[in-house]
Amino acid sequence: MGDLLTELGVNGGVLITQLVTFIILLVILRFVAYKPLMRMLDERSKRVKESMEQAESVKEQSAHAEEEVKKQLVEASREGQERIARAVKAGEEMKQKAQEEARHEAEALIERARGEIQRERDEAIGEVRREFADLTVLAAGKVIERTLDKEKHRELIDKVLEESSTEKKEQP
Amino acid sequence: MTQPKRRGCLGCSFPVLVIIIIVFLALGIFGFLSGAIGQELLQKYGVDIKFPDWMVIGQPEPHLPAPVLFNVFGIPITNTLIASWITVVLLVVISYVVTRRMKIIPGRLQTLFESFLGWIFDLCKSIAGDKNARRFFPIIATIFLYVLLNAWLSLIPGYGSIEYTEYEPVATHTEELPAGGHEGEYTIVTKDGVDYIEHRHELIRGANTDVNTPLAIAIISFVVVAYFGLTSLGMGWLRQYFNFGPLFRSLGQTFKGKLNVMGIFSGAIDIFVGFLELLSRFITIISFTFRLFGNMTAGEILLLITAFLVPWVLAIPFYGLEILIGFVQAFIFSGLTLVFITMAVTPHEAEAH
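So the protein lines, in turn, are chains E and R. Residue numbering for the first sequence is 0 to 171, as defined by numbering that gives the first Met the number 0. Residue numbering for the second sequence is 0 to 352, as defined by numbering that gives the first Met the number 0.
Hint data in this document are derived by calculation from the structure and do not stem from the laboratory. Mixed in with the good hints, there may be bad ones.
The calculated DSS-like cross-link candidates involving lysine-lysine, where the alpha carbons are at most 30 Å apart (straight line), are [what the hints assert, rightly or not]: (1) R/Lys130 to E/Lys48; (2) E/Lys34 to R/Lys130; (3) R/Lys130 to E/Lys45; (4) R/Lys124 to E/Lys45; (5) E/Lys34 to R/Lys124; (6) R/Lys102 to E/Lys58; (7) E/Lys45 to R/Lys102; (8) R/Lys124 to E/Lys48.
Bound-form chain R, shown alone:
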């Protein structure tokens, strides 16, 4: 059997490649012209081309709070929760499928899985040391996988574009409606003589773009840092934050007759420093939350805006950017958590001197 002689480029023969390039360019040009910038330019030069409705992309209306789609046992289910559950299910299913039959000599999928998690494990080892890496690895890897998959899944078409419409009679609506009919979340429609409020929501939205998700992970991260700090250093960890010892010692000396002004002063400063440390620990939660939330939300808005301004082909590079940003954010979130945990289990005195 002889291998047929292959000619061409990128796996296609030249004519096919040329056709593909032409189609691609045409899509790019038409997409650009149908977008907001293109329309503006066309009108400026007096060319009036109307694109069909299905080609024109409406102005995006980003809004920060995730809409509640329905309630289950009093728990509000938002579209971001659905997205995060999809992430969870996907992660569990992939892990189960891969680890169900693990082999010493791994197959392709297992190699991928192992090398990725092994990379995270090596990261843990390089920062926390061999002994602690095993304890920290599960939480770090979970944060990484969860954030990463949340970010990447939200790039899949359907996230933020499949809509869910809900009708609510105006009469039963208790809250006052904001003025301005077609702003954001609702329109008033009349059906059978009754006014309904039409809520239109995305069915699924990237979980990281809801502030609750980053906040939840940040709280987990905080709790984990506190847990490891307490179990490793015990009271020593708390002493970093509630450092009353030196002050009380100095006061005790004062009652015994030895007035130690410098001791009392530095004791007070120690308490203050402890307070600052405590504050910074809580501020860490906020910075964790808003770093991820801000990046992800900005990314999504960026994608919406590019899809509106220069739709189709020219918006594609931004997806690459978002893939990179998703990875970087996952890396930062888990890496910082790892660093904080490592700092929490390292004795403070040994670190200072």
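One chain only, chain E, in its complex shape:
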């Protein structure tokens, strides 16, 4: 067995040196390579996580904002509609009022016109009466001036009327 080991080259001193070498390498690499590497990997994964979280939150915020905007839009459109409705209503009211007023005015106008007409007619009638009376008086004067028979009376009245009408025609 010992011969075999020697033949293969197993050597206690070298073996121990190799063990120590390996352990030294392990310790040094732990400080020089693995710790910094792990720190770096952790740091990087932390950063990635952070940035992803940040992105998530930004996305959330933007979604929130979008929702807000949508809500505001809905609100605004509703308000606009309401305003339009209100305006339409107001317009309607105004129109109605205007119509009412117009009708009132028209009625008043008609009333006034009627009054005027009434007055004019009364006046005309009055005038006619006055004229007629005058004529009557004139005719009566004429009658009184002469003796008149029944036929002559008739004739006279006709004449008077004719005269008055021609007079009237010339007069205005």
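Put chain R on the given structure of chain E with help from the hints.
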């Protein structure tokens, strides 16, 4: 500025490429002819071309034990130890240079370094799980890097070819010299009337080709498995190997008056199984050692033989093979260690049922 129009193939213009190919082929042919097989063929066909001495490669004389070059404080320093120290220094220097100023957004070197070690770390995570990977990673990565760099560095020219000559007077040599003058490690030369033994050694030899290196790593691996097993499972880990409990319980029952033959029998079997487990744990050291040692030594001998038989160009593919084998061996060594550690920290009962 206009880019000059590039023509050609593999970054050279065609004439240059053709010249390179011709030189390469000539090297291949001359190399082949100067090698052992080529010489044999030439002689067979009666062609006698003598190549100059510097072209002819001597017959390789591989030997397993690494020669001791000198002693420092009683510690024998072999050529393989020097090689392994070169590996250590290289690893430490590279790591230091890379990690001295690490950045969140890495440069090229840092990316390479991180992706390689990150790959090992991911391997640890996939086998040992997230929680344990951090504990196992340093040892696994160190084994991987050490074995890999030992294997790859030994492919560099100079490993195994730079020789170190040592003269020792025959008179002071105490051990009996093996017969046959020019066999392996020494020649007797006479200088100034005194006979000297001329020892010729390689100054540096791939560390993995010395059985001590794989053995040391295998022992480390064993110790690490035991350490993690003990710290994670405590006595439960030892119980796999020294399982006296069931037997003593059954014996106790016997003394109380209840004879339990089956209990005693299965208790004895448990002890035996534990013994087998223990044995297999130690055999694992040996298999770890000789897997790596055998592969690496065979690889080196293969390279020596190809360099002897078909030197120069035709030996190149074997270097590619050795690069692959070095990687595979490093992967196997660290991967198996990882698996064993993971098995050691997994409760045995949970695993069995």
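- So which of those numbered hints doesn't the model satisfy? Structure breaks no hint.
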